[in-house]
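Chains as they are written, first to last, in the working numbering: chain A, 1 to 205; chain B, 1001 to 1485.
Be aware that a few hints might be false.
Pair by pair, the computed Cβ-Cβ distance ranges are [claimed, not checked]:
#: 1; chain 1: A; residue 1: Lys72; chain 2: B; residue 2: Phe1432; range: 20 to 30 Å
#: 2; chain 1: B; residue 1: Val1379; chain 2: A; residue 2: Lys77; range: 38 to 48 Å
#: 3; chain 1: B; residue 1: Lys1429; chain 2: A; residue 2: Asn126; range: 54 to 64 Å
Derived by calculation from the structure, the hints in this document are not laboratory data.
Even glycine gets a Cβ: it sits at the ideal position worked out from N, Cα and C.
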Amino acid sequence: MQRLRNSGCQPYELMTDERRLIQDCLKGKLSAQRELYEKYAGSMLGVCFRYTRSLPDAEDVLQEAFVKVFNKLGQFKFEGELGGWIRRIMVTTALNYLKKNKRYQTEMYFTEEYMHPVTNDNPEINIEAKEIANLIRQLPQGYQVIFNLHAVEGYSHVEIGQILGISDSTSRSQYARARAVLISWIKALQEERLSDNEKLTYVGK
Amino acid sequence: MLANDFEKEVEQRLAQLQMRPSDGVWQKLEAGLQKKKRRRAFFLFFLTALVCTGGGFVAWQQLNPAQPQMVNTTGTDITPDKNKLTANETTTLTNINTNTTVDTTVNTKNDEVVKQPAIPAKADNVHTITDKKAISNVDVATVNKKPKNKKNIVVKANTNKVNTDIIDITGTPANVNDDAVTNNSIIAVNENSDADIITKRKLTVASNLSDKSFVNITDTNSITDIPVNIASIPQHIVTQGEIVKITKKKYPFYWGVEVMAGVSGTMDKIEGVNKSMQLDAPTAGYNNGLSPVLSNSAVWESQNTHRASTAHSFGLVGYKQLTRRNAVSVGLSYQYLSTISKIGDSSTTVSNNANMRTYYYGRELKNHINKFHFISIPVTHHLILNKNENMPFSWDLGGSVSRLISTNALVASSYLGGSFHEDDKSFTKTHFFIHTGFTIGFTNNKNRVWQMGPVLNYGINKIGQLKGDDKNFWEVGIKLRCLLQ
Chain A
1 MQRLRNSGCQ
11 PYELMTDERR
21 LIQDCLKGKL
31 SAQRELYEKY
41 AGSMLGVCFR
51 YTRSLPDAED
61 VLQEAFVKVF
71 NKLGQFKFEG
81 ELGGWIRRIM
91 VTTALNYLKK
101 NKRYQTEMYF
111 TEEYMHPVTN
121 DNPEINIEAK
131 EIANLIRQLP
141 QGYQVIFNLH
151 AVEGYSHVEI
161 GQILGISDST
171 SRSQYARARA
181 VLISWIKALQ
191 EERLSDNEKL
201 TYVGK
Chain B
1001 MLANDFEKEV
1011 EQRLAQLQMR
1021 PSDGVWQKLE
1031 AGLQKKKRRR
1041 AFFLFFLTAL
1051 VCTGGGFVAW
1061 QQLNPAQPQM
1071 VNTTGTDITP
1081 DKNKLTANET
1091 TTLTNINTNT
1101 TVDTTVNTKN
1111 DEVVKQPAIP
1121 AKADNVHTIT
1131 DKKAISNVDV
1141 ATVNKKPKNK
1151 KNIVVKANTN
1161 KVNTDIIDIT
1171 GTPANVNDDA
1181 VTNNSIIAVN
1191 ENSDADIITK
1201 RKLTVASNLS
1211 DKSFVNITDT
1221 NSITDIPVNI
1231 ASIPQHIVTQ
1241 GEIVKITKKK
1251 YPFYWGVEVM
1261 AGVSGTMDKI
1271 EGVNKSMQLD
1281 APTAGYNNGL
1291 SPVLSNSAVW
1301 ESQNTHRAST
1311 AHSFGLVGYK
1321 QLTRRNAVSV
1331 GLSYQYLSTI
1341 SKIGDSSTTV
1351 SNNANMRTYY
1361 YGRELKNHIN
1371 KFHFISIPVT
1381 HHLILNKNEN
1391 MPFSWDLGGS
1401 VSRLISTNAL
1411 VASSYLGGSF
1421 HEDDKSFTKT
1431 HFFIHTGFTI
1441 GFTNNKNRVW
1451 QMGPVLNYGI
1461 NKIGQLKGDD
1471 KNFWEVGIKL
1481 RCLLQ
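The following block holds chain A by itself, in its conformation from the complex:
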């Protein structure tokens, strides 16, 4: 399965530029490191944002992950997109952050306790990316992690089970419920917005 589908970043047009940037970073040039950071920080903060509850926490993850990026940049083999490689580190760091942080640990709950109806509905989405991200972040932590890993990052349920130490069937059922909850929230938000627009139209008339 395609993993970490895309970085959400514009790749360098010239591979040589990317190599040069990486080589300069490996030499410890601060300007190159700043350039790399500026290039990817915006999109990567979006990744971190989806896994955490607050923007400061997302920034903590971003900073910690970029430290790892610079420490391990020499291991990048140019076999894929640099953005994808960085994004994988972001996800790894975010999950470790959730694991280490007791505040998040209390919310990481992977049993069948949360019962939500499962749906195969595929509604059209007419809301902004940040609104979707905010809705994802409002999911229970276990749902949030599994939804992010499967729907956005592209991990299979078997892989998610290995990562989180749960069975793949648990991952599958949690994902189905997370999906159902998210769809219901999206629908509700869209309907609410639609009715607001109708009211505005009526008032306008």
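Given the coordinates of chain A, work out where chain B should sit on it, guided by the hints.
Below, chain B without anything else, positioned relative to chain A:
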């Protein structure tokens, strides 16, 4: 929409999500990167210092080889006519005090004749031999470096049945009986097989003894050289008819004081690169308990804003050499570690949480020294790398258990917008450290030993039960010991 269209739609939308991080993220990242550079430079310096220290020591050893010394247990000045002696030539020397003569074999090295004393032929003769003094009953030998492939050898010498002088040279008991000990015989025993007598020899032996030297004992029958470790020669001779009960060389116990001064700081936990990249599975047993309390959200502020600061320790130490190459030491000491944080002004109005005594706003305003006071019990193994008993050079490796007795260290709370507060309950009380380093000893007085050298100390466990708490203490410095017997 088709199945999975929802996922694709979500993924495509989220791929467009761009958020601008605050400037503080890069500032902290930059500080961390620069600190990493400094840390790398420091370790490079430390490594270079170690290499230079070791290299200098070896060079010093090479430039100051032990000089052969005249040995004369009787105080008699017996000097063979150098001009008349050639290698392996036997001649007769006369002890002018006792008017006795012995046969002497002379070896030469670099045309230098090494002289040996004659034997006083006196019943029940008892000699006392001290370090760097000769065995009696010896003739002449050359002093060479120890052959690398030779084991140390225990040698017993008996040159006269009547005037028996049995010389206990080192180590392990030997199966020697009176009958076996004949006039002018030497019995050599392999050190590694306690009772195996290798050979009995007609004497012509001996030695010009000094530390770092090995003696070729020349067998007049077979002209076989036996290397003897001079450094392990004990200091007594027994009288006639008494078979020496050879015992292991006893090393004295030393005790004394130890001080150390250096710097300390915090660092990420040392782990394998691959391991650090893995996604560790969350541990089982999550619960959805109460809302998080403030202490759970407290963070040991990113190491990026923690700078190294001074460290020292002092205490008592016991030192015991077990074998020629191994020694252990145990101590009880007070240990002080510290780091420096950038914090803001103090405030009393941030929170009314009784667990938090003092609060500080923001950062980058002034330095706060986080002080950690420990009581520590270090245990160290010393692997002695050279043979110079007067200046042993050892590689040290050990561990210690330390109890945090107090600290004024601050933790930061993301809930409070980056404010700091004291919360010593957040810190791990019992720490385990591992340490390594090198030690050079100086012994100019038998009862007193000075030891000094660099030491690197690393805390195995985390500093506290905090978010981002995979920080560990490190400490480097120079230690100095004064030991008394």
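Taking the CB of Val1379 of chain B and the CB of Lys77 of chain A, does the distance hold inside 38 to 48 Å? 44 Å, holds
Verify the CB-CB distance for Lys1429 of chain B and Asn126 of chain A against the hinted window 54 to 64 Å. For Lys1429 of chain B and Asn126 of chain A the Cβ distance comes to about 56 Å; the hint holds.
Range hint compliance [Cβ, Lys72 of chain A to Phe1432 of chain B, 20 to 30 Å]: Since Lys72 of chain A and Phe1432 of chain B have Cβ atoms about 28 Å apart, the given range 20 to 30 Å holds.
Going through the hint list in order, the structure satisfies each hint without exception.
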